[in-house]
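Same order as they appear, the protein sequences are chains A, B, C and D. For what it's worth, the numbering used here labels the leading residue of the first sequence as 1, then goes sequentially. For what it's worth, the numbering used here labels the leading residue of the second sequence as 1, then goes sequentially. For what it's worth, the numbering used here labels the leading residue of the third sequence as 1, then goes sequentially. For what it's worth, the numbering used here labels the leading residue of the fourth sequence as 1, then goes sequentially.
Bear in mind the hints are in silico, worked out from the structure with no lab data behind them. One should not assume that every hint holds.
Among chain A residues calculated to face chain B with C-beta under 10 Å, some are [unchecked claim]:
#1 8
#2 30
#3 83
Here are the simulated lysine-lysine pairs, BS3-like style, with alpha carbons at most 27 Å apart [stated by the list, open to error]:
#4 D:32 - D:17
#5 C:282 - C:442
#6 C:116 - C:315
#7 B:13 - D:125
#8 D:118 - D:218
#9 D:125 - C:85
#10 C:315 - B:105
#11 C:479 - D:17
#12 D:218 - D:190
#13 C:472 - C:432
#14 D:17 - B:13
#15 C:22 - C:85
#16 D:125 - C:22
#17 C:458 - C:479
#18 D:190 - C:139
#19 C:81 - D:125
#20 C:315 - D:125
#21 D:32 - B:13
#22 A:93 - D:113
#23 C:258 - C:116
#24 D:218 - D:90
#25 C:251 - C:282
#26 D:125 - C:432
#27 C:139 - D:168
#28 A:4 - D:123
#29 D:20 - D:168
#30 D:113 - D:125
#31 C:116 - C:81
#32 A:4 - D:113
Bear in mind the structure is a predicted one, so any value in this text is a computation, not a measurement. Built from N, CA and C at the ideal position, the CB exists for glycine as well.
So the chains spell out like this:
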Amino acid sequence: MMPKVARLHAILWGVFSMGGFIAAFLLPVLIYLVGIAYPLGLWPMAGGDPTSAILSHHHIGTLFLFVTVAGSLYHGIFRFQSTLTELGLAPAKRALEAIGYLIIILGILAVAYYLLLLNPSVLSLP
Amino acid sequence: MSKEKPFPEYRRKLGPGWWLSNSHFTRYMIREWTSFFVALFSLIYIYEISLFASGAKDSALALMRNPGIIAFNIVALPFTLYHAFTWFYLIGKVQPIKLGKTTSKPWQALLVNIVLLLIISYAVIQILVLR
Amino acid sequence: MIIGGGAAGLRAAIAAAELDPKLDVAIVSKVYPMRSHTVSAEGGMAAVLRTDYDNFDLHAYDTIKGSDFLADQDAVEFFVKEAPKESIRLEHWGCPFSRDPDGRISVRAFGGMSVKRTLFATDKIGFHLLHTLFQTSLKFENIHRYDEWFTTSILVDNGRVDGVTAIDIRSGELASFLAKAVVIATGGCGRIYQFTTNGWIKTGDGMAMAYRAGVPLKDMEMVQYHPTLLPNTGILITEAARGEGGHLLNKDGERFLKKYVPNKMELGPRDILSRAEMTEIKEGRAFEGPYGSYVHLDLTHLGAGTIEAKLPFVKELAERYLGIDPVHEMIPVRPGQHYMMGGVHTDIHGYTGLPGLYAAGEMACVSMNGANRLGSNSLTECLVFGAEAGIGAAQYAARQGSPNFGNPVQGLALEEEKRIYDRVLKSERGEKISTIRAEMQKTMEEHVGIYRDENSLKQACGLIGDLKQRMKNAVVEDKDRVYNTDLVSALELDFMLDVAETIAYAALARKESRGAHARTDYPKRDDAQFLKHLVVYETETVPRIDTMPVSITRWKPEARVY
Amino acid sequence: MSQDIATIRVTRYRPEKDGKPFFQDYKVPYRKDMVVLDALNYIKANLDGTLTYRWSCRMGVCGSCGANVDGVPKLTCASFLHEFKGRTIKVEPLTHFSVIKDLVVNMDDFMHKLVEIKPWIIKEKESPPEEGEYRQSAEELERYAQFSSCINCMLCYSACPVYGLNEKFLGPAAIALAYRYIEDSRDEGKDVRFPIVHELEGVWECTLVGECSVVCPKGVDPMLAIQKTKILGATNALKSLVMPRGGK
Ligand SMILES: Cc1cc2nc3c(=O)[nH]c(=O)nc-3n(C[C@H](O)[C@H](O)[C@H](O)COP(=O)(O)OP(=O)(O)OC[C@H]3O[C@@H](n4cnc5c(N)ncnc54)[C@H](O)[C@@H]3O)c2cc1C
Ligand code: SF4
Ligand code: F3S
Ligand code: FES
Numbered sequence: 001m002m003p004k005v006a007r008l009h010a011i012l013w014g015v016f017s018m019g020g021f022i023a024a025f026l027l028p029v030l031i032y033l034v035g036i037a038y039p040l041g042l043w044p045m046a047g048g049d050p051t052s053a054i055l056s057h058h059h060i061g062t063l064f065l066f067v068t069v070a071g072s073l074y075h076g077i078f079r080f081q082s083t084l085t086e087l088g089l090a091p092a093k094r095a096l097e098a099i100g101y102l103i104i105i106l107g108i109l110a111v112a113y114y115l116l117l118l119n120p121s122v123l124s125l126p
Numbered sequence: 001m002s003k004e005k006p007f008p009e010y011r012r013k014l015g016p017g018w019w020l021s022n023s024h025f026t027r028y029m030i031r032e033w034t035s036f037f038v039a040l041f042s043l044i045y046i047y048e049i050s051l052f053a054s055g056a057k058d059s060a061l062a063l064m065r066n067p068g069i070i071a072f073n074i075v076a077l078p079f080t081l082y083h084a085f086t087w088f089y090l091i092g093k094v095q096p097i098k099l100g101k102t103t104s105k106p107w108q109a110l111l112v113n114i115v116l117l118l119i120i121s122y123a124v125i126q127i128l129v130l131r
Numbered sequence: 001m002i003i004g005g006g007a008a009g010l011r012a013a014i015a016a017a018e019l020d021p022k023l024d025v026a027i028v029s030k031v032y033p034m035r036s037h038t039v040s041a042e043g044g045m046a047a048v049l050r051t052d053y054d055n056f057d058l059h060a061y062d063t064i065k066g067s068d069f070l071a072d073q074d075a076v077e078f079f080v081k082e083a084p085k086e087s088i089r090l091e092h093w094g095c096p097f098s099r100d101p102d103g104r105i106s107v108r109a110f111g112g113m114s115v116k117r118t119l120f121a122t123d124k125i126g127f128h129l130l131h132t133l134f135q136t137s138l139k140f141e142n143i144h145r146y147d148e149w150f151t152t153s154i155l156v157d158n159g160r161v162d163g164v165t166a167i168d169i170r171s172g173e174l175a176s177f178l179a180k181a182v183v184i185a186t187g188g189c190g191r192i193y194q195f196t197t198n199g200w201i202k203t204g205d206g207m208a209m210a211y212r213a214g215v216p217l218k219d220m221e222m223v224q225y226h227p228t229l230l231p232n233t234g235i236l237i238t239e240a241a242r243g244e245g246g247h248l249l250n251k252d253g254e255r256f257l258k259k260y261v262p263n264k265m266e267l268g269p270r271d272i273l274s275r276a277e278m279t280e281i282k283e284g285r286a287f288e289g290p291y292g293s294y295v296h297l298d299l300t301h302l303g304a305g306t307i308e309a310k311l312p313f314v315k316e317l318a319e320r321y322l323g324i325d326p327v328h329e330m331i332p333v334r335p336g337q338h339y340m341m342g343g344v345h346t347d348i349h350g351y352t353g354l355p356g357l358y359a360a361g362e363m364a365c366v367s368m369n370g371a372n373r374l375g376s377n378s379l380t381e382c383l384v385f386g387a388e389a390g391i392g393a394a395q396y397a398a399r400q401g402s403p404n405f406g407n408p409v410q411g412l413a414l415e416e417e418k419r420i421y422d423r424v425l426k427s428e429r430g431e432k433i434s435t436i437r438a439e440m441q442k443t444m445e446e447h448v449g450i451y452r453d454e455n456s457l458k459q460a461c462g463l464i465g466d467l468k469q470r471m472k473n474a475v476v477e478d479k480d481r482v483y484n485t486d487l488v489s490a491l492e493l494d495f496m497l498d499v500a501e502t503i504a505y506a507a508l509a510r511k512e513s514r515g516a517h518a519r520t521d522y523p524k525r526d527d528a529q530f531l532k533h534l535v536v537y538e539t540e541t542v543p544r545i546d547t548m549p550v551s552i553t554r555w556k557p558e559a560r561v562y
Numbered sequence: 001m002s003q004d005i006a007t008i009r010v011t012r013y014r015p016e017k018d019g020k021p022f023f024q025d026y027k028v029p030y031r032k033d034m035v036v037l038d039a040l041n042y043i044k045a046n047l048d049g050t051l052t053y054r055w056s057c058r059m060g061v062c063g064s065c066g067a068n069v070d071g072v073p074k075l076t077c078a079s080f081l082h083e084f085k086g087r088t089i090k091v092e093p094l095t096h097f098s099v100i101k102d103l104v105v106n107m108d109d110f111m112h113k114l115v116e117i118k119p120w121i122i123k124e125k126e127s128p129p130e131e132g133e134y135r136q137s138a139e140e141l142e143r144y145a146q147f148s149s150c151i152n153c154m155l156c157y158s159a160c161p162v163y164g165l166n167e168k169f170l171g172p173a174a175i176a177l178a179y180r181y182i183e184d185s186r187d188e189g190k191d192v193r194f195p196i197v198h199e200l201e202g203v204w205e206c207t208l209v210g211e212c213s214v215v216c217p218k219g220v221d222p223m224l225a226i227q228k229t230k231i232l233g234a235t236n237a238l239k240s241l242v243m244p245r246g247g248k
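This is chain A alone, in the form it adopts within the complex (with noise of 0.2 Å):
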């Protein structure tokens, strides 16, 4: 049996590896629609923005964005808190372990809220 603080490593590390899925498979192309096609008018559709097209897909398009969203903040934020360390500070390690989950948590509770806001029938989902 694994002790507490190792399973719960375990578990984290687990989430992070699945970030790193995610924002190898879906991050990209929403970078590509939000941040590119759309602000230079590569935008295949006339009128309308990606977000509003993908959410209007309700719940497929707003799970989308939560699980990409999340996915990528946890990974990348996970991620840089250790090249810090390994750029030379390797001393304030726990303290920027503790400011990257505080960053990881408080993102990712902001995007679910908002999402709920502007998609609130998602709870209703079986």
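Go by the hints and put chains B, C and D with the ligands onto chain A.
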């Protein structure tokens, strides 16, 4: 038995520039830095959604058209793709797939996964945006 | 207290620690145990596991015939019976043996063995065996390790062993270890020779220490040459390469062994094969290269599959050190020094006759190898007799009171300190150690090599005597205490010269040809005069040779033809 | 015949004389099939008996002769001079370890880590040898064989920046060894070993730099072992989360 050390030993410490010492390390560090873009984009986008949610759709869209943000995104995309590719490669390395007698090579996993990435991206555009 | 962290030393330590959990066992080793030279054994270890076609008598007979009837048959019988148990124990401890499809340990053919009975782990058995033993030894809390401590002498007082003196290489300080019983397992002494498969650390320290403590060395003239070494480096290409079907070819592409061992061909014993190669070389049927003459080892017909599955290390070595792919090209090989059949005399329980002193492994001579060891018997020997020596020492220790560090012993330790720091380390003018070492190696190679005769041996005895004198003035260049490998080398060379001398004198005394000992002036085996062991004692002047009977139980000496 | 000369630039550190390490150059006759270790031996025998380094087998299996050769951790007995021809070859002690003298590093920490992961078969009861061997299929052997071929040369530690930054990190070879036992069908010690490798300074410290596997001379691929250990740990933890409620 604890051996006493009559004479000092020395140890070379890693300086902050260690990752420049060899090309593997440099590539690794670039991969590490992709996380910065992944994280920052996520944060910006969360902010955008919050603007959407609070009804300020126009300022949300204006934010996206901000040249600084566009520039950031243009840099972020290749970095994210780099992240994706190295991730695919590592997966291939760590969990090779056995088919009969031959085991898959990492670059094969990379190719398969790139194709998968294209299909998923296309599907997202088709299903979520265009339809 | 165990000296040596190779197969024999570790097995002894585990046996002692298991027997008596209250006993404090110390392993003193001049290198970290997993660096011991056991690590480089490639081919496999012999034991009768397949009782459907194999049995103890057959293994015993093969071993005795291989030894040219010089082996003590009671020791061999004991050995073959214990061998399977020891191998299974090793398997239980985690050794990753290669397996058959039904999950049993695989066996392969080996030179001089009449059936397949050599267990293997690809072609890195020594590596796996050593690491398995080492890692298993870590489990015992009553085993304490002194890594990188160099033992310099055995402390003997009042006819019994009280401990040893050793240098902590890291700090350079000499310390006395008091012990109720001591097992020495310091391995062979191949570095006496120029061209050897043995590692840098195989310098016969234990043999010389025991010899100086008054224990006789036995069968020292029996030096094994292995037929397949890479010509440039002396790296060994395992006998398993022939066991799996490899061929030896001369310049004319002929399998020349049909003239020497027609029935066994490549699976003949090592002494005969090495001499066959030498004959081919002498008679001009060998290749000439930058490192002298050589013959070819041909594995190409085995196919990539077999080579990769069963001989990966051979492939790695040939590729790395010769730039040759054995799947497509032939490997150049020539004979070179490989193993010492002789060593410290012990009985079948590893006891040397000096109360408190036990010995095991390549440095000991229970005499189960006689005049020629069969490949793959040695590792098993290390386990069987390592365990015996460990148990013997532990039982002896349990019967003993504490060792005393009274005046005589303290005096011995002080004397040793003076010898090392005041004489060896301080001397300022004289020859380099490397010069003397090189001359010794050359002397042994040229005069006490595969073929010997009266003249060459007499010369060797004289030359070694001179070198011993010159050694008294040799200079250790490094004067520091911390990690002084130069000092260690000097002490090792000092040991080697003693051992070399015993080999030369014993070889001179045995006026016959038997097993590995081939005298051109006495080409025949002479059972009437020499069916006995030669033992060498240290004296003030030259070594004194005595004899000991060979124990013969069931197998009468017969002509040795293959 | 004119002889080529190679320059070997070796780190010297003599704690009893010099406060600091420095470089010393030696000129060594160059032969095509000479390895760096041969050059060191040449120096020790002919030029400077005080040069200090470890070696034994000269065939890449004892693991003693590791050093940083031109900045990369290598076995000196398996690095040929011709790979570096025309340049000065820099030979330094393995990085990330403290140096006792010249090229000799302190192995205490590494040895301690090896012991820490309990590298032996853990079994409720060992069956007596008379009952014969434990059966193991070729496939079962294959699962851990690669990870059992580590020669403890420590090159991977010297290559791993994470170990360089944090000495407490259990590190590649030790984890690979732990994984070797975890995957061995004869072993029953998972419950004992998991907590050790999944400790804070265990597998999670590894950020997949992967250099350990690049420098490993024996194809152990510690990175793979670490990653697999992580996956085992994560699935194990998830299971233990789900189990009590899932009722399965
Ligand atoms: C290349 C090669 C291949 C071989 N292949 C096979 C094979 O396939 N099958 C087979 O059966 N046999 C084989 N052998 C033979 C076999 O490997 C050896 O005979 C056996 O390993 C010897 O083990 P050992 O424990 O006696 O000595 P070693 O393994 O040599 O150990 C000696 C130990 O003593 C220590 N020591 C030495 N001097 C001192 C000192 N002064 N102070 C403190 N410690 C000291 C060393 O540190 C070391 O730990 C092979 C040998 C070689 C060289
Ligand atoms: S894993 Fe490879 S590099 Fe690391 S110690 Fe083992 S053999 Fe050496
Ligand atoms: S180099 Fe170090 S970070 Fe991990 S993959 Fe290897 S242990
Ligand atoms: S000397 Fe043994 S590995 Fe290099």
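Of the numbered hints stated previously, which ones are contradicted by the structure, given in increasing order?
1, 4, 7, 17, 20, 21, 26
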